[in-house]
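Engineer: Position chains B and C against the provided structure of chain A, taking the given hints into account.
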Amino acid sequence: MKFLVIALSTIPPPLYKSHLSSPRLLVPMSTDFLRSPTNILKAIFFNPPKTPKIQPLAMAACIHTSRAENSRTSSLSCDPNGSQIDDRVCNYIKYCRPNFSDLVSCVPNSENHSKSIRIPEDLGSFDPVQNQDDLWVRMKNEARSDILQEPILSNFYVNSILAHDSLESALANHLSVKLSNSGTLPSGTLFDLFLGVIAEDKEIIRAVKDDLRAVKERDPACISYVHCFLNFKGFLACQAHRVAHSLWSNGRKILALLIQNRVSEVFAVDIHPGADIGRGILLDHATGVVIGETAVIGNNVSILHNVTLGGTGKASGDRHPKLGDGVLIGAGTCVLGNVRIGDGAKIGAGSVVLKEVPARTTAVGNPARLVGGKENPIRLDKMPSLTMDHTSHISEWSDYVI
Amino acid sequence: MKFLVIALSTIPPPLYKSHLSSPRLLVPMSTDFLRSPTNILKAIFFNPPKTPKIQPLAMAACIHTSRAENSRTSSLSCDPNGSQIDDRVCNYIKYCRPNFSDLVSCVPNSENHSKSIRIPEDLGSFDPVQNQDDLWVRMKNEARSDILQEPILSNFYVNSILAHDSLESALANHLSVKLSNSGTLPSGTLFDLFLGVIAEDKEIIRAVKDDLRAVKERDPACISYVHCFLNFKGFLACQAHRVAHSLWSNGRKILALLIQNRVSEVFAVDIHPGADIGRGILLDHATGVVIGETAVIGNNVSILHNVTLGGTGKASGDRHPKLGDGVLIGAGTCVLGNVRIGDGAKIGAGSVVLKEVPARTTAVGNPARLVGGKENPIRLDKMPSLTMDHTSHISEWSDYVI
Amino acid sequence: MKFLVIALSTIPPPLYKSHLSSPRLLVPMSTDFLRSPTNILKAIFFNPPKTPKIQPLAMAACIHTSRAENSRTSSLSCDPNGSQIDDRVCNYIKYCRPNFSDLVSCVPNSENHSKSIRIPEDLGSFDPVQNQDDLWVRMKNEARSDILQEPILSNFYVNSILAHDSLESALANHLSVKLSNSGTLPSGTLFDLFLGVIAEDKEIIRAVKDDLRAVKERDPACISYVHCFLNFKGFLACQAHRVAHSLWSNGRKILALLIQNRVSEVFAVDIHPGADIGRGILLDHATGVVIGETAVIGNNVSILHNVTLGGTGKASGDRHPKLGDGVLIGAGTCVLGNVRIGDGAKIGAGSVVLKEVPARTTAVGNPARLVGGKENPIRLDKMPSLTMDHTSHISEWSDYVI
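Same order as they appear, the protein sequences are chains A, B and C.
Under the numbering used here, the letters of the first sequence match residues 1 to 402, in that order.
Under the numbering used here, the letters of the second sequence match residues 1 to 402, in that order.
Under the numbering used here, the letters of the third sequence match residues 1 to 402, in that order.
Hints were generated in silico from the structure; no laboratory data involved.
Possibly wrong hints are sitting among the right ones.
Given that identical chains are not distinguished, each listed pair holds provided it fits within a single copy or across any two copies.
Taking lysine-lysine and the BS3-like style, the derived pairs with C-alpha atoms no more than 25 Å apart in a straight line are [what the hints assert, rightly or not]:
# : residue 1 : residue 2
1 : K355      : K382
2 : K216      : K253
3 : K322      : K209
4 : K209      : K382
5 : K382      : K322
6 : K322      : K253
As the structure is a computational prediction, the values presented were derived from the model and not from experiment.
Isolated chain A (complex conformation) (with noise of 0.2 Å):
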């Protein structure tokens, strides 16, 4: 039978997290520590694992061993494909170029190599039915699946995905390296600061979920949630999001502040850490979004990018727009002020918002007008957020002349 040994120098450290008895020995999961191979080996054989899980994947050669040698008992094996999977990415090695890291391997990549680590079987193993439910298990069947479409990104999926060993932890890897800057920002710190308040505040996992479903419900250009979870910058400033409304909370605001900023720098969303935000979100493409500190977002609402909820004025306090649930706004919206935007509203593209919207009607325009009138606008009979239908009120807009 046929098995992978790759090169310890490209295993991804996040891999022996779980495999480490105390959590504050954690191997750091930043980028300036994939560059030593020393620090690698050392992490490996610092508390080398006696019963692994789960064996990375990395770009390496292809060779030939026993399966006794290292058998495993996995409840997973039973996975037929497995020989088939393995040759794939035997082929894929060959006509793959190495990574740098490949390059600067301290470690001889023979047959005799006793350190030999072998991929997960598991590679394209789907888990069982019983599984399906859990939004974890799926994201990592769909990176199983992907990588065996694009074997070129084992690394970024083991690293992103497959290392983990829960929702939790790889969220706060993939933010944390997103959001690290090399020099000021290292992304272990990020990564333990993240990993903290999400184990603390369970809220934020559970809102996490209900985006990621969301997302895969509303937005049809979303294939997987595994996709929402690596690609959609409007998902992940949202869960930077969350951590820091938390740190807000409890009074970290010097943290909670950085985070924003970051936020802004790398996804361009701008969401004061105070504001307050439900859960079953969508930020659509995200990009220009500012959302201001007392601004609240209630539950299943969909937000288009350059979507503004600002304030007026230069004195503080309760200064920003309420949105009640379910509520839809479309692109490059302003609504400004502390005005609510009631349960089940929808405001089109490119309006301009300074007063109340009542609920379940539509707002359009610059200044923006109820559709149907201010006195008896037309009700909404199917909550917008949900159907993504921007432009359906157009036939009632008897502006609209072209």
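Structural biologist: Frame of chain A; chains B and C shown alone:
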């Protein structure tokens, strides 16, 4: 008495800058440099400080040592909270994971280590009252206060603020770290460039200080000068523009345009280096701001995010807006062409302005109209850029019918 | 005669690419690689060039040496300014601080050093007239001219332009440096990917050249092709999209979506890889542009920043706008739904368009109206995307009352 002994490998190099005799021998402040403990040691011993005024704070072990061993004669050592602060930082160290730099330390961290360096006693000692009017002194005090609240950010604050002997140096460093691009634009090169320009063109630092005061005064979300300095990308984009504009005015167009590009990528703020911008500027949130080559902006102007001061046509020449003093422009507004916006004028959010707006009037809408009418517009009696009042005009805005 | 001797550690590795026999042995162009002088030496001596055509320019010491010692036979060596240029670069070296890479150089920089490499004599020698119509030759000439103006950027220009033997290679490199993420997406991997796609899909490089000409022709702020190539994030985002679209069309959706995400983070431009974009495109300023999956854009189109070509509803399928040839769309405009914008149509800044716009007409406002009226709209006689005239319609726009 307790002192902190820090591993030399964690010392941020900028600290030693002021002790080196020749400015050409400064250790580079680039992040690359920080990755090599050898370089840091070299920098320290090349020209060791005789009577160090400040000492680095970094993540470190906490040990007891005799004060007499290495006594300091600081005018700021009267702070009665000194030892209390040390304790706090020590406590922090116990629960904080070390950085990568600690792991690669080549200096044993023990009581016998003769090169032990103590943290500054004046970490929490605020400067005497007579200096309180100096903005830079206030910023350093704010930085010390922030470290006490968030010891996890000690390195960040030391590198960004406390290690510098002037606002000029701190600004050049912070901008260079933000705008550098590993592999193409080293932060060391940018630092030298920025510092050189700021040192030569004295108008820049005057404007920087006015901008800091403007943000602190007008933005209720700004909690301190140092918060603005470290976190407000609109502020940083504006200061990078000031450097680029100085280069542009001195014929160094290639460099100026490169800075424009990096600012556009990193902060999503695109200001042509030819634009002439006054002092006391607030670019709030700043994402999506675009300011063209021949635009002129007066003093004490406030501009929200997604504002365009754009040209028209493909002809070169004077083709962009001219803003007077005290103008306020709301989010998402386009002002296009070589039109004048008079002193103290206000333009509402989401407006499109293609014609002159008289002084102290309010223009709103798409296309923009003058509040009160073209013939007899209502005159503002307060400077809108200072009040930041975006919405009071709506009571005069007859079209607004919600 | 004078020559420049450069420290080997400062040689950008891409330079040697063309001298290596096997494409699989290319030295990676990632920034990681550049950090190791050993790797660079390895790369050089692995397969030393016999008759080097170009030689690197980098920050270096300036010494006298005999030309006969290592004579060159270049068809371009007739440049009479050769030695003058060397002097200028030498002078520059005296006042420029060395890079980090110089500090870690393991190669002594002396006259006796047998591996001395001279800078190319043709640094300032412009190519003969017969090649002037070749865009890539012009770009290299522009790069040489820029280096003379700003020697501090020598490394940047060599790495980005002069070290490459084709526009394809330079583009793949520049995009990979911009879009890489240390720790997750190595620039070497991206470079291989981009170069492979561009080499295979010949339409891409044709479109790239048309885009370069479009930007240079239509944007008065663009001073040269190389200025556009290096600095215009709209141009770069568009080219990254062309690669992503090619991958998407070949079923490599995972990779295509990952590139979309990185472009959205790095350039704040979010183009779905499914979008079909013609040639001769200008994305001016580009921040906040969002283009949906089923959007189609014709040739010679100009789109300003913050423009949305968006969908509506959560149903998948054909749901985004279709733009004809020669369309101009002003800043901050939303076009939503599967509507057609006819050839040569113009849409004013800040407009919201939900219906078809006939060819050669102008639509402005929120909601958009046709200038001249729906029944008999005024016909444009010039292509608006080429004139870039955003504002002449206002004389026809009766609502504009300021």
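Engineer: Each hint: holds or not?
Structural biologist: Cross-check of the supplied hints:
Taking the closest pair of Cα atoms, K355 and K382 come within 25 Å of each other both inside a single copy (23 Å) and across two copies (23 Å). Taking CA atoms no more than 25 Å apart as the test, K216 paired with K253 passes between copies only; the shortest distance there is 16 Å, against 32 Å inside one copy. Proximity of K322 to K209 under the C-alpha cut-off of 25 Å is restricted to the intra-copy arrangement: shortest distance 23 Å within a copy versus 35 Å between copies. In this assembly of identical chains, the alpha carbons of K209 and K382 lie at most 25 Å apart only when taken from the same copy (23 Å versus 48 Å across copies).
For the homomeric pair K382 and K322, the shortest alpha-carbon distance inside one copy (20 Å) is at most 25 Å, but the shortest distance between copies (29 Å) is not. Taking identical chains as interchangeable, the C-alpha atoms of K322 and K253 lie at most 25 Å apart only when both belong to the same chain, with a minimum of 22 Å there against 38 Å between chains.
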